[in-house]
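Number of protein chains: 4
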Amino acid sequence: MPIRVAIAGPRGRMGQEAVRTIMEEAEMELVAALDYKEVGTQLNELTIFPTDYEVPIYTDLKLLIEETTPDVFLDLTTPKSVYEHTIIALKSGVRPVIGTTGFSHAELMELESMASDQKTGALIVPNFAIGAILMMKFAKMAAEYLPEVEIIELHHDRKLDAPSGTAAKTAQMISEVRESHKQGHPDEHETMEGARGANYDGIPIHSVRLPGLVAHQTVLFGGEGQLLTLKHDSFDRKSFMSGIKIAIRKVMELNKLIYGLEKLL
Amino acid sequence: MPIRVAIAGPRGRMGQEAVRTIMEEAEMELVAALDYKEVGTQLNELTIFPTDYEVPIYTDLKLLIEETTPDVFLDLTTPKSVYEHTIIALKSGVRPVIGTTGFSHAELMELESMASDQKTGALIVPNFAIGAILMMKFAKMAAEYLPEVEIIELHHDRKLDAPSGTAAKTAQMISEVRESHKQGHPDEHETMEGARGANYDGIPIHSVRLPGLVAHQTVLFGGEGQLLTLKHDSFDRKSFMSGIKIAIRKVMELNKLIYGLEKLL
Amino acid sequence: MPIRVAIAGPRGRMGQEAVRTIMEEAEMELVAALDYKEVGTQLNELTIFPTDYEVPIYTDLKLLIEETTPDVFLDLTTPKSVYEHTIIALKSGVRPVIGTTGFSHAELMELESMASDQKTGALIVPNFAIGAILMMKFAKMAAEYLPEVEIIELHHDRKLDAPSGTAAKTAQMISEVRESHKQGHPDEHETMEGARGANYDGIPIHSVRLPGLVAHQTVLFGGEGQLLTLKHDSFDRKSFMSGIKIAIRKVMELNKLIYGLEKLL
Amino acid sequence: MPIRVAIAGPRGRMGQEAVRTIMEEAEMELVAALDYKEVGTQLNELTIFPTDYEVPIYTDLKLLIEETTPDVFLDLTTPKSVYEHTIIALKSGVRPVIGTTGFSHAELMELESMASDQKTGALIVPNFAIGAILMMKFAKMAAEYLPEVEIIELHHDRKLDAPSGTAAKTAQMISEVRESHKQGHPDEHETMEGARGANYDGIPIHSVRLPGLVAHQTVLFGGEGQLLTLKHDSFDRKSFMSGIKIAIRKVMELNKLIYGLEKLL
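Residue numbers (full-length UniProt numbering), protein chains in the order written: chain A, 1 to 265; chain B, 1 to 265; chain C, 1 to 265; chain D, 1 to 265.
Honestly, the hints are just simulated from the structure, not real lab data.
Check each hint, because a few of them may be wrong.
Partial list, derived from the structure: chain C residues whose beta carbon lies under 8 Å from chain B [to be verified]: (1) E67; (2) S81; (3) M135; (4) K140; (5) A142; (6) P147; (7) F221; (8) Q226; (9) R237.
Derived coverage of chain D by chain C (criterion: at least 3 residues anywhere in the stretch with Cβ under 8 Å from a Cβ of chain C; other residues may be distant) [to be verified]: (10) 12 to 18; (11) 65 to 72.
Keeping only pairs whose Cα atoms sit at most 20 Å apart, straight-line, the calculated DMTMM-like set for lysine to aspartate or glutamate is [said to hold, decoys possible]: (12) B:K91 <-> B:D52; (13) A:K80 <-> B:E190; (14) C:K250 <-> B:E144; (15) D:K159 <-> C:E190; (16) C:K182 <-> D:D161; (17) A:K245 <-> A:E66; (18) C:K159 <-> D:D161; (19) A:K263 <-> A:E176; (20) C:K159 <-> D:E193.
It should be emphasised that the depicted structure is a prediction, and the values quoted were computed from it without experimental measurement.
Even for Gly, the Cβ is constructed at its ideal location relative to N, Cα and C.
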């Protein structure tokens, strides 16, 4: 039996790739798409998709779930509507795989307890790229031995928020294994404000935005006489697709909410 | 005739290397050293120098100049006393080579007009490393074709100020050839303050401070589908010595103040 | 009057982008395409192009030139046929812009003298990316001061030849300004053959091939206590398009063969 | 009771640092030094060491062991004599910590079985830098998910052999977890010999040698649309000292030969 998947945001750049990836995967079946506006009744009515993509499009998530009974709800939309979607999915026992970040702490707590109560698997995945996930995992391991660390994340200049979700997540994971402390010289001072970057529990984060860039992150660990550098470059949206497939498979085995694919590797 | 050189700050880490470099250079003669406190009458009384370094030490710059008549005054001390030193040197017709930054704009203007009035050569050199100077020169050239740029400078965590003098200088040189403009997305916002770095005429500057690091700088230029990166690593104080010798030779040919060795390459 | 351009290789990955770029450029007119096999009579018969691309396709270059009288012949095909194409274009007084490398020295000499004899402009451009061209130009400048240098080029694993044309070109430009010499320790030895890379006039070149990579090059200059690094990343074929437009404009002003766009910046 | 340590190669660059490190460590006692030539009877007779370093120097290892009964024998000499030293130490039940590589496979097998037979701990440590060890450990982990990999190692130009012991060790560790396979395009060819580097079980290794460099290594993992990079910079011999202390402590708990500190983290 293939895993029945519904996708929200099928027309977005990542959504289009995900639609194709799931359609081509033998173990999965794309049973429905959710769009925030009326764009047609089936994906194959959109010029961006092949004519054999006979997947119904809904604008109402409850109706979608009722009529197409998906196992997994993959949400690749913007933070605005994603919280509400996740609540609806969980209440119906549909396992959400959420590809956007931007939940508040309170919202996260709420989703976590709802998933546990319902014993329904749920995955929040700030980054689907397997290389990025390994980078984060290694960063946490390295911080035990080399606790002085800074993060530089670099993205295209169409990105609105800084720092990136991946950078915040990396800093959070590092902070779990090292004692919180101020880095740099105790008396250091900025002659231009912001030079020392953002501060997450003592870890400086620097955000670079330039045309031409895609999605990149460097984590630097300094020790006496040495530097350890972990870097991930995501050159292409395709880097996310293997992670999306892993997430859809793994969420079927869960009975609570997990934040980050790295917990499952 | 060798060039007669006096050095301020002979006991500092860079000062010691400079003393040795000048002593070993056939075309130069180290005629005096200036120290802010009484440490002896000659350099060879200090255990850090060989016994044949018979160079008199002064605590008063005017007396030093009167008695030893240097051609060049190399100042490797901290910003505190360096302005006063430079004034005294220029008034006596001694050519200053200043290895520290930290002058205010008003001070710079004053020194510049004093040097021009006296037709005395003077060099302010924020960075003596030839590789760093080339990096800055190339950065200025590249900004004409690729005007979207960010600077990341990385230093050991004993450094007090951020950003570094080299980073500020690089940004200033770039701003001379590109139109000032805000970079990144027009609507970008920081969810953690400082993430987008310091801002020099629209150019973001990010300062990393970690143990193990020495002195490093990366300049990133983004264009459609591409990235050009210029990077300089200074692993060792020795990287400055070839630049110090070039500076001492070049200041002899000048009759005004020049800021930055790159103008003379 | 727009510049009349014919393009060889319109269906290739770079060819498709170039077709679009020229079609959208007001100063240029795409008058014909050359394909090695019969694929249709006009570009708009191919599904990869819009229906208003009414550009005739030829399989014979002589006939193409006779019937469409282009000013410039842009060749983005493989090395196999490009030499013959260039000869035909030059003989007819059509200015070739050649985007592939792989000419032998004898062939280059022949093309050079033919272009000079006919006073016809010709451009061979191993790399159209402006950032890559700047990297090469800076490499040549830096080698005067820091003559110890190694080149690392990195490409996707579908690339057949190693090293890349850009790497060979960079090494050749550097060798023009530095004295040829063996680098590394005089007694160095490889315990695994090939570790020290290829050798171009004493300059080691290393070729990395990995999936995910696009087209990247790093040039490393070592000096006492320091390292200067120049790096170019080409993430996307779009990075070549600004260079293609510059090349087409510049070749109109030439009356001989020029190798490398950097000579014209 | 402090661990009794004897050191071979006390006058070498790394040896001097190690002597100081052990002398300053409360849990360790430096009981003897081994030198290949007669340089004095105690370390404090050498001008490079302080006058209170009253450590006897031997030229004969058997005599050293007999008279000073060390627990651990730290060998930082060249490959030439190190095999013989290790045999002598093991036969006497003294635990060797070997900081050089260059053993043949047959020698390694011999030492391994000797250590196991005698139930004596022994450590061969190609690299003492904790950051380098983490890099190798992570490389092995990443290769399971991203099996296409290349290694670039960069050292100062006084290094004789290429590739470095760390690079070979890294490749060996990776080859333990991935299926051996040829990388790159099946039909790839070098137009300059050596461009594609050395080959260790299908993993290309590239060795860069430049003045100014210290000891650096980059491991690149390519996947669809992405690149994961692990990098270690060793700027200073001090980076090895924490690893030397860890090795001396850990070898006390072993009863067989272990190759690589990463096995003990």
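Hint by hint, here is what the structure shows:
The closest approach between the C-beta of C:E67 and any C-beta of chain B is roughly 34 Å, which is over the 8 Å cut-off, so the hint fails. Evaluation of the C:S81 hint against chain B yields a violated restraint, the C-beta minimum of about 27 Å exceeding 8 Å. Hint status for C:M135: holds, given a least beta-carbon distance of 6 Å to chain B, under 8 Å. With its C-beta approaching chain B no nearer than about 11 Å, C:K140 sits outside the 8 Å limit, and its interface hint is violated.
Interface hint status for C:A142: upheld, as the beta-carbon distance to the closest one in chain B is roughly 5 Å, under 8 Å. With its C-beta approaching chain B no nearer than about 12 Å, C:P147 sits outside the 8 Å limit, and its interface hint is violated. For C:F221, the interface hint holds, since its Cβ comes within 8 Å of a Cβ in chain B; the closest pair sits about 7 Å apart. For C:Q226, the interface hint holds, the least distance from its beta-carbon to any beta-carbon of chain B being 4 Å, beneath 8 Å.
Satisfaction of the interface hint for C:R237 is found here, the shortest Cβ-Cβ separation to chain B being roughly 7 Å, below the 8 Å cut-off. For a cut-off of 8 Å, the count of residues in the stretch 12 to 18 of chain D with a CB near a CB of chain C stands at 0, and the three-residue condition is violated. Counting residues of the stretch 65 to 72 of chain D whose C-beta sits closer than 8 Å to any C-beta of chain C gives 0, which falls short of three, so the coverage hint is violated. For the given pair, B:K91 sits about 32 Å from B:D52 by alpha-carbon distance, which is inconsistent with the 20 Å threshold.
At roughly 18 Å between alpha-carbon atoms, A:K80 and B:E190 fall within 20 Å of each other, so this suggested pair holds. Between C:K250 and B:E144 the alpha-carbon distance is near 18 Å, which keeps this suggested pair within the 20 Å criterion. Annotation: proposed proximity of D:K159 to C:E190 holds, straight-line Cα distance about 11 Å (limit 20 Å). For a cut-off of 20 Å, the pair hint linking C:K182 to D:D161 stands: about 16 Å separates their Cα positions.
Of the supplied pair hints, the one linking A:K245 and A:E66 is violated, its CA atoms being roughly 24 Å apart against a limit of 20 Å. Distance hint between C:K159 and D:D161 is unfulfilled; the C-alpha atoms sit about 30 Å from each other, more than 20 Å. For the hint linking A:K263 to A:E176, the alpha-carbon distance of about 14 Å falls within 20 Å, and the restraint holds. Under the criterion of a C-alpha separation no larger than 20 Å, the hint pairing C:K159 with D:E193 is consistent with the structure, at around 16 Å.
The structure is inconsistent with the numbered hints 1, 2, 4, 6, 10, 11, 12, 17 and 18, although it conforms to all the rest.
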